[in-house]
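Model the full structure from these sequences, guided by the hints.
Residue-level listing of the chains:
2 protein chains.
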Amino acid sequence: MIAFHERDLRRSVAQLLVVRASGHAFDSQRQFPKWELSNYELQQLLEEDVGGVILYGGTTIELQKRIEKIRSWTKQPIFLCADVEEGLGQRFQGGTWLVPPLAVGQIYKNQPAKAISLAESYGNCIGVQARECGLNWVLAPVCDVNSNPKNPVINLRAWGEDPLTVAVLICAFNKGLSKQGVLTCAKHFPGHGDTSVDSHLELPIIHHDLNRLKELELLPFKEVISSGVDTVMTAHVLFPNIDSNAPATLSAEILTKLLRQEIGFDGLLVTDALVMDAIRNTYGDDEAVVMAFAAGADLLMMPANPKKAIDAICTALLSGRIPMQRLEEALQRRKNALAKVYVSDSTNFETEEKLDHYLIERKEDKCLAEELLLSSTTIRHQVIPGNIKMDINLVRIDCLFPCQFLNNYSPALCMPEEAGYKTTVCHQMGVSPWQNDAENPLALERFGEGSFLLQLFIRGNPFRGSFFNQEPWLATILQLQRLNRLSGLILYGTPYFWNDINQLLDNSIPFAYSPGQMNDAQKHVLISFLQKHQDREMKPKQFSEFTD
Amino acid sequence: MIAFHERDLRRSVAQLLVVRASGHAFDSQRQFPKWELSNYELQQLLEEDVGGVILYGGTTIELQKRIEKIRSWTKQPIFLCADVEEGLGQRFQGGTWLVPPLAVGQIYKNQPAKAISLAESYGNCIGVQARECGLNWVLAPVCDVNSNPKNPVINLRAWGEDPLTVAVLICAFNKGLSKQGVLTCAKHFPGHGDTSVDSHLELPIIHHDLNRLKELELLPFKEVISSGVDTVMTAHVLFPNIDSNAPATLSAEILTKLLRQEIGFDGLLVTDALVMDAIRNTYGDDEAVVMAFAAGADLLMMPANPKKAIDAICTALLSGRIPMQRLEEALQRRKNALAKVYVSDSTNFETEEKLDHYLIERKEDKCLAEELLLSSTTIRHQVIPGNIKMDINLVRIDCLFPCQFLNNYSPALCMPEEAGYKTTVCHQMGVSPWQNDAENPLALERFGEGSFLLQLFIRGNPFRGSFFNQEPWLATILQLQRLNRLSGLILYGTPYFWNDINQLLDNSIPFAYSPGQMNDAQKHVLISFLQKHQDREMKPKQFSEFTD
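Heads up: the protein sequence lines correspond to chains P and G, in order.
Residue numbers are given in the numbering used here: position 56 of the first sequence equals residue 56, and the series is strictly consecutive.
Residue numbers are given in the numbering used here: position 76 of the second sequence equals residue 76, and the series is strictly consecutive.
The set of hints was computed from the structure by calculation and includes no laboratory data.
Source: prediction; values computed, not measured.
Please note that the accuracy of each hint is not assured.
Note that the list lumps identical chains together, so a pair holds whenever it fits in one copy or between two copies.
[What the hints assert, rightly or not] Below, computed lysine-lysine pairings styled on DSBU-like, alpha-carbon distance capped at 30 Å:
hint, residue 1, residue 2
1, K307, K523
2, K340, K175
3, K175, K366
4, K308, K34
Spelled out as structure tokens, the structure:
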């Protein structure tokens, strides 16, 4: 009898796990095979009642088929979630890719009503497209206040730099998203905005006490909880003045006392990814899972080893280290959350009939994407002067494999080439463009003649740590200015680096900034930059090819 | 009445066109928007009875959906074809990607029976997977004899370097392929093997006369035609000693007199892509289409402007320049060919029931891919000696966007990195690795300390022309050898460059050659190269992730 009970217990505990898989169909297509289960492993875990899958990568068409397949591998309702913060197209090709939320926060400064309306449409756009692909849980909004410009991991993902902006915008976003019948998620509790290290690599520490948190970080969470967010995700951040022993994800003080008891959140509480090094390095895989569950988390996201995680929690429950009541309440909350979206499955949403399932992106989604782009882009001077034939289009990116925003038809590459430029792409794996000279860091002889159009793609990227800080782009700008070889500069990404550039860039140099990095952002800026120059033989027909 | 007739004529002529589209679902995903119709254009043309679509790119899952959609846009049976010469995975992710045909030709030298059996399996593998995705016409086998090692465009795509090898292997291939209920295509008539310029860029000229052609080039075509190939594709090659006025694609002498009358081929004859510069630059878009049709081609592949192509042919027919009989016979051959595969649609093939439609790749396909890889790879010395910590993994590729065989989990990048190497990827768009010194072309200070593992991905690539010839890799090998900084060399691609390297490489230097460039080829070589070195902390578990 005990063996039988244990099997039941394992199946119940398994329901609390959310495991990671690729949105692609085949194992060989996985972008991150270290983290993404093979189909064999995934099917096996689902047969053992693992309760959710988080998906990354692939196209919307593939995702629909993929989710059909995953559903066929399980007997129970499960969570099908994705980390979609900037439009479905951020993770799945064919969906709409919107400029990052911080751009909406900037709009709020001058046009609050417009920003609120955009935030609601932003949520709506994600919700419709996610549901259409078969997802039932979107891991957004980010509720962190990006009070620290050096934040390498939140940065543009935040909705603002002050608690009121964030609170207002995430509530609007959450309203738009949850109307579409998918679950929403407020993250990363109790706040990840004031960190300067990447929790994917090491554990960030925030020394604020509870009073400060209540004044700032907690405000957006309280607002969105009271306005009805479905789930909350924990932060892998240590708050030694609140709990010196454990980071938020593993802290009963923060999860149970603060979030449950003081704030009164009674929905589903999920950890951030437990494979992140901030947690693994300090606590070990199995202990982290047990601590998180004991501390009050209901769902365990991406445990390093799902089967061992189930074992460890079962052991803790059977030994009495964790009361069975924890399991019961977590399962009940899981059931309640799923009931919402599994009811929704059979509901006909207003937009349903109008959609061609083949085309995930609606007309209004395209309009929203364009409006956000236009509202958030700054362009100074429309035309690049100078000699064209010998000019250099220097494109700086973080990462080559994969690079989501560059492909062979990207405007950042094609449009300057059509205008006579020669493109060089600098990336972490390329031949170095640098020489050992602090004043003149760019090794010019590696590029040939002509002046430079610099296109810098720079934003806080999880897992990249401070890699960007090692590249002397500011000194390069000064170097090229001194030599009169800087014909234009475009920054796609973080507004904080834009501020740095602004302080040293000559007024005469054409400059543009866009928070978005996608093809549409490139096209929008480069049309202004290149189109009107009379010496240039532009071929507008070529550009129209970038439009759908 | 004439207006009505003209509309009917337009619809009939439209059936002779094959237009190009992306295998991806959405316009924004097109890899080559200049050549790939938008969905709007494609739907419109199909409604006007355009008779076929050639597809490039996407995944097998997407392709299935894509073809469903395309079929819904037309009222008639149409050709759904792809340029799949090296396994479906060459064009569509998720399919099997096999080493190029020339590798089978090499096996034939010592093991003819094995090579013939492999060639039949090769065809079978493509046929099953193509049909499973909804394709009904595979544009293979290449029947050209690669008698010219400098051939930039056929090269590894050929089945051999002599007519008998090619004839035997393509017949076996054609047998395997056509058994699966898809149409096959012998190309490029009357032979493209002895060219040294890329017909995608300029018109190749071959000065052989008819006697030489009969002795060599025509032999494989005759064999495969008599053994039952469904269609033949023309070559964009000028043979001035046969027809001094027009290249094969536009030559009645070659298409009608030689192929139809002398050789007696009565199947469907299709042009090579009419957008290729070899044709466009000399004859103009509309005239080329009319000339090809007049000369005897039944189907017109990828005309630059489909609507204008229809107009031009209608005009030629109505004016009497081309007799109506040409249209009737072309339509009849089209109908006959389609009848074969549209009957097949309802036939249950032997393998049908066994296939999980989600998984295109069967177990036997994987075995075939592995056997071909093992049979075609040469590895000299299993282990790279030397200091690891500071070593450089220098990977040379042609093209970055897109690069089909490199991604963030590619063994060529990951395996040396796991073993302590630092990777630099050299590509056409990168910072130059070269300095102006013929004896010492590699600018070593751009790479840092340590010795080099050179991984060169080099093969004849359409559209690349002679780009590779400008890179001094042979001098670099000598340079690194002199400095004792060459720790190993791997060539993925053309056997001809392998011969060049062999003549100057020290015997002591570990060396490997694989005709395949795909991840599996990289993994196979690098396991031998790296695994057995004792100083290296290898993590075999990591490698197993590359296996499905």
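We went through each hint and held it up to the structure:
1. K307 - K523: between (47 Å within a copy, 29 Å between copies)
2. K340 - K175: Within one copy only: 15 Å inside a chain, 56 Å across chains, cut-off 30 Å.
3. K175 - K366: within (20 Å within a copy, 49 Å between copies)
4. K308 - K34: For K308 and K34, only the intra-copy Cα distance (17 Å) is at most 30 Å; the inter-copy one is 52 Å.
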